[in-house]
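A.B. asks: Residue numbers (my numbering), protein chains in the order written: chain A, 1 to 161; chain B, 1 to 161; chain C, 1 to 161.
Hints listed in this document are in silico derivations from the structure and should not be mistaken for laboratory results.
Please read these numbers as outputs of a predicted model, since none were measured by experiment.
Any given hint could turn out to be false.
Across the chosen pairs, the derived CB separations fall in these ranges [as the list claims (entries may be wrong)]:
# : chain 1 : residue 1 : chain 2 : residue 2 : range
1 : C       : Met-57    : B       : Gly-99    : 51 to 57 Å
2 : B       : Ser-35    : A       : Gln-119   : 31 to 37 Å
3 : A       : Asp-97    : C       : Thr-96    : 30 to 36 Å
Not close to chain A: a few residues of chain C, all C-beta gaps over 10 Å, as computed [claimed, not checked]:
#  : residue
4  : Thr-3
5  : Ser-20
6  : Ala-22
7  : Tyr-30
8  : Asp-31
9  : Asn-66
10 : Arg-71
11 : Ile-72
12 : Ala-78
13 : Glu-82
14 : Thr-151
15 : Ser-152
All C-beta atoms in this analysis are idealised placements derived from N, C-alpha and C, irrespective of residue type, glycine included.
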Amino acid sequence: METLSITPELTLRVEMLLASYADAIDDERYDEWPSFFTEKCLYKIISRDNQRRKLPMGLMYCDNRNMLRDRITSMRSANVFEPHTYRHALGRTLVTDGGDGSIAARTNYIVARIMHDGQTDLFSTGRYEDRIVEAEGKLLFRERVVVTDSTSTDALLVVPL
Amino acid sequence: METLSITPELTLRVEMLLASYADAIDDERYDEWPSFFTEKCLYKIISRDNQRRKLPMGLMYCDNRNMLRDRITSMRSANVFEPHTYRHALGRTLVTDGGDGSIAARTNYIVARIMHDGQTDLFSTGRYEDRIVEAEGKLLFRERVVVTDSTSTDALLVVPL
Amino acid sequence: METLSITPELTLRVEMLLASYADAIDDERYDEWPSFFTEKCLYKIISRDNQRRKLPMGLMYCDNRNMLRDRITSMRSANVFEPHTYRHALGRTLVTDGGDGSIAARTNYIVARIMHDGQTDLFSTGRYEDRIVEAEGKLLFRERVVVTDSTSTDALLVVPL
Chain A
1 METLSITPEL TLRVEMLLAS YADAIDDERY DEWPSFFTEK CLYKIISRDN
51 QRRKLPMGLM YCDNRNMLRD RITSMRSANV FEPHTYRHAL GRTLVTDGGD
101 GSIAARTNYI VARIMHDGQT DLFSTGRYED RIVEAEGKLL FRERVVVTDS
151 TSTDALLVVP L
Chain B
1 METLSITPEL TLRVEMLLAS YADAIDDERY DEWPSFFTEK CLYKIISRDN
51 QRRKLPMGLM YCDNRNMLRD RITSMRSANV FEPHTYRHAL GRTLVTDGGD
101 GSIAARTNYI VARIMHDGQT DLFSTGRYED RIVEAEGKLL FRERVVVTDS
151 TSTDALLVVP L
Chain C
1 METLSITPEL TLRVEMLLAS YADAIDDERY DEWPSFFTEK CLYKIISRDN
51 QRRKLPMGLM YCDNRNMLRD RITSMRSANV FEPHTYRHAL GRTLVTDGGD
101 GSIAARTNYI VARIMHDGQT DLFSTGRYED RIVEAEGKLL FRERVVVTDS
151 TSTDALLVVP L
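Pulled out of the complex, with its shape left as it was, chain A reads as follows (with noise of 0.2 Å):
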């Protein structure tokens, strides 16, 4: 397998992905975000204890489109969903060779949530772990684990981090 070249052309596009899909959330432009990733994929919301201890809980996890598709359907049609959105706070990318043809990329992130009566409040802090394949022309997640830093996030999300 080639190895992979990082060269600040690739990191440049790598954080434009990372941005791009930050501000399609925070947008509130939730449709396109299964857009994001590959056909097959891996999306997974996990506190850092719990992927320390190696537990398989997440607080989301799909593995495919379609998955990501209906999370954004159930989430528009939950009753209990109080209207918020999301702002990101992004750090610089550490971009690598996945090693696997995929570029690996580690990003920390500070998520701000904006209650409908203007409450701000900081909702989640930690890293994006992700595997970020060309296909399609363009640079799509193949897999992204979100770490949250805090393990009482859970029972407050609902639009993906």
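Let chain A serve as the given structure and place chains B and C on it in line with the hints.
C.D. replies: Chains B and C only, in chain A's frame:
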């Protein structure tokens, strides 16, 4: 009209403009603020709800450098001004061709507010929607629209975002 | 002395140094912390008020790698240490020629603190004022001054920022 070429170098220059702007505000060098704009310009703070409903109301509105300067002057002389500073965290900027010779730029922000006694809170989140032009040998904002996520920012807003 | 050439590649390398530093702290790989500095170095945390008044008092002060190592050792053995982790969000770095062979770098930060029970708060905001040099084949901090916006951070400070 020439098509704008979005190179990595241009993206870097745009992001350095945004970082310098945030640095000037956060460092209380408010007198520099107008110098980031073209002589005729648009600076507006508006909530995303009002932007969506196309309501003209903004929390702050200036359309030339003199208005920006006046804003700083009146801010300094306001009796009600309880001393505080900001700290910006910016995401990476999505740069596109503005189509009219300008560069269109879209950037997430999270701003913390630090009161004089040290108390720190999450003051405002949202995104910058900018139109940037090359003028006087550097990049300047021809338009800077600050779209706040929250609708309840106005009562507290003194320093520009 | 040669003038330093501030290229996009250098800016990228500097920002990757800062991102790696934040990643090591946030991932609790504290033993790596001293390795980001030159043998003789300056690491200082100081509030912006004290910096302005040129007061020598800092919240933390180390001037060589051994002091940095000691700091980590004492942190680990402190009885009073209620477990918590940090999460950094960094802005883009303004890179200039330090004038003495070093690279001067100025970067906004927002740090969230996550307690063991999951509670998350906005712990510290401010900026890094760095002097960076090429040594041992990589970039290292010769000086890292953490200027905190708030004056009330000290009582809570255990883990380096």
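A.B. asks: All hints are to be evaluated individually against the structure, with a verdict given for each.
C.D. replies: Structure-based check of all given hints:
Roughly 54 Å separates the CB atoms of Met-57 of chain C and Gly-99 of chain B, a value that falls within the hinted 51 to 57 Å. At about 35 Å, the CB distance of Ser-35 of chain B to Gln-119 of chain A agrees with the hint of 31 to 37 Å. The hint said 30 to 36 Å for the Cβ distance between Asp-97 of chain A and Thr-96 of chain C, and at roughly 32 Å that hint holds. No Cβ of chain A comes within 10 Å of the Cβ of Thr-3 of chain C; the nearest lies about 22 Å off, and the non-interface call holds.
Its beta-carbon lying about 7 Å from the closest one in chain A, Ser-20 of chain C breaks the requirement of being farther than 10 Å from that chain. Distance check for Ala-22 of chain C against chain A: the nearest CB is about 6 Å away, which does not clear 10 Å, and the non-interface claim fails. Every Cβ of chain A is farther than 10 Å from the Cβ of Tyr-30 of chain C; the closest lies at roughly 15 Å, confirming the non-interface assignment. Against chain A, the non-interface label of Asp-31 of chain C holds: every CB pair exceeds 10 Å, the least being about 17 Å.
Taking the minimum C-beta to C-beta distance to chain A, about 28 Å, the non-interface status of Asn-66 of chain C holds against the 10 Å cut. Listed as a non-interface residue, Arg-71 of chain C keeps its Cβ farther than 10 Å from every Cβ of chain A; the least gap is roughly 22 Å. No beta-carbon of chain A comes within 10 Å of the beta-carbon of Ile-72 of chain C; the shortest separation is about 20 Å. For Ala-78 of chain C, the condition that its CB be more than 10 Å from all CB atoms of chain A holds, with the nearest at approximately 21 Å.
A cut-off of 10 Å between C-beta atoms confirms that Glu-82 of chain C is not in contact with chain A; the least separation is 15 Å. Thr-151 of chain C, annotated as away from the interface, keeps every beta carbon of chain A farther than 10 Å; the closest lies near 21 Å. The claim that Ser-152 of chain C lies off the interface holds: its Cβ sits roughly 18 Å from the closest Cβ of chain A, which is beyond the 10 Å cut-off.
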